[in-house]
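Protein chains: 2
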Amino acid sequence: MKQQGILAVVSGFSGAGKGTLMKALLEKYDNYALSISATTRKPREGEVHGREYFFMSVDEFEALIANDQLIEHAKYVSNYYGTPRSYVEEKMAEGKDVILEIEIQGALKVKEKFPETLLIFVVPPSAEELKKRLIGRGTETMEVIEQRMNRATEEAEAMDAYDYILVNDDLNKAVESLHNLIQSQHMQARCNAELIKTMKEELAAIVG
Amino acid sequence: MKQQGILAVVSGFSGAGKGTLMKALLEKYDNYALSISATTRKPREGEVHGREYFFMSVDEFEALIANDQLIEHAKYVSNYYGTPRSYVEEKMAEGKDVILEIEIQGALKVKEKFPETLLIFVVPPSAEELKKRLIGRGTETMEVIEQRMNRATEEAEAMDAYDYILVNDDLNKAVESLHNLIQSQHMQARCNAELIKTMKEELAAIVG
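So the sequence lines, in the order shown, correspond to chains A and B.
Under this note's numbering, the first residue of the first sequence carries the number 1204, and numbering increases by one thereafter.
Under this note's numbering, the first residue of the second sequence carries the number 1204, and numbering increases by one thereafter.
Please keep in mind that the hints were generated in silico from the structure rather than gathered at the bench.
Treat the hints with care, as some may be off.
Since the list gives no way to pick out one identical chain from another, each pair is judged satisfied if it fits inside one copy or across any two copies.
[Unchecked claim] Each computed DSBU-like pair below joins lysine-lysine, with the alpha-carbon atoms no more than 35 Å apart:
no., residue 1, residue 2
1, 1403, 1226
2, 1335, 1400
3, 1335, 1221
4, 1226, 1400
5, 1376, 1316
6, 1278, 1400
Throw the hints in and build the complete structure from the sequences for me.
Laid out in structure tokens, this is it:
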């Protein structure tokens, strides 16, 4: 019997390299499924429905809430964001390890609902490095960079609430660490109830 | 600052291959320290003091108990067995991941005292395979094999109390799984309190 997948939430500061990390993980290993969030915000240029987000109207989103079809949802700057339940449940049942790349607020809600969720917080090796990376992108104004640094300072307060901290220094190493972490969770006794039961039965049958 | 080591307890049925697994793990990686138990039983042929066990008199052992120098101890068949505290604490402080290969009774005592201990239970892929391995050794009488199978049947009842189940099918794979499991535990938020504190301070200093 195929074991059910692990549910892992990945959060972290803007500039910690979550996006690149997720992309590299999914390219290297085929046992993962990245959950796509639903949102009521307008698509930005280059964003594709069903790839970056499921874009929808407020009415559509509120219908999902009303029908308990979201694992978690929150409102940021007057836009809804949420995690559709069906995709996550289907993929986990298929044995895929499902990754939610979501904000802290949502992460803590998921953990409350599903205590077995793995909460992983991605950080750059230092705050200095975070600032460098944000500046290095070259796409943001200093004002936006300062906003992100301020936000990181707030978000850092929640780091202790996460189960694991992943330092993203070297991309390849970080991918391996993340993969090993999630895969080792399949060894949890609670994930192996079937194996334990079978072992007990087999032993009892042999010993008689 | 070097992170403190992880404390991992490895238990499992006689014939599950714990000994071979530990040997292979310690040969391949140098970040582990295998704790050596103290016992009052007499050394068997080929056993060396300080390698298989610290062999000692009942008086010596009871002095260790009286001075709280054992993490756990138990009596089996009128002999004492216990885990000396100093070795474990020293190695962990050096940053070594310390492995205790001990019985279930002792494992649960260690977990009670140190809830952060990783309890790992090693099993063969099946009960049939366990019996085969015990017979395959060719060193035991059928009576001893039956005793071991009976004991395994009893011990199987405790499997659920362990954190992780390691199926020892292929030795190399099992070594890697065990290594990845223990190493990934260094990412736990509680192991990274220093990193979290530094990150918060650095961010606060930059943001001002």
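Hint check results:
Taking identical chains as interchangeable, the C-alpha atoms of residue 1403 and residue 1226 lie at most 35 Å apart only when they sit on different chains, with a minimum of 27 Å there against 41 Å within one chain. When the C-alpha separation of residue 1335 and residue 1400 is checked against a cutoff of 35 Å, the pair qualifies only between copies, where the shortest distance is 20 Å, while the shortest distance within a copy is 52 Å. With identical chains, the CA atoms of residue 1335 and residue 1221 are at most 35 Å apart within one copy only, with a shortest distance of 16 Å there and 48 Å across copies. With identical chains, the CA atoms of residue 1226 and residue 1400 are at most 35 Å apart between copies only, with a shortest distance of 29 Å across copies and 37 Å within one.
Taking CA atoms no more than 35 Å apart as the test, residue 1376 paired with residue 1316 passes in both settings, with 31 Å inside one copy and 34 Å between copies. Taking the shortest Cα distances, residue 1278 and residue 1400 sit within 35 Å of each other only across copies (29 Å), while inside one copy they are farther apart (44 Å).
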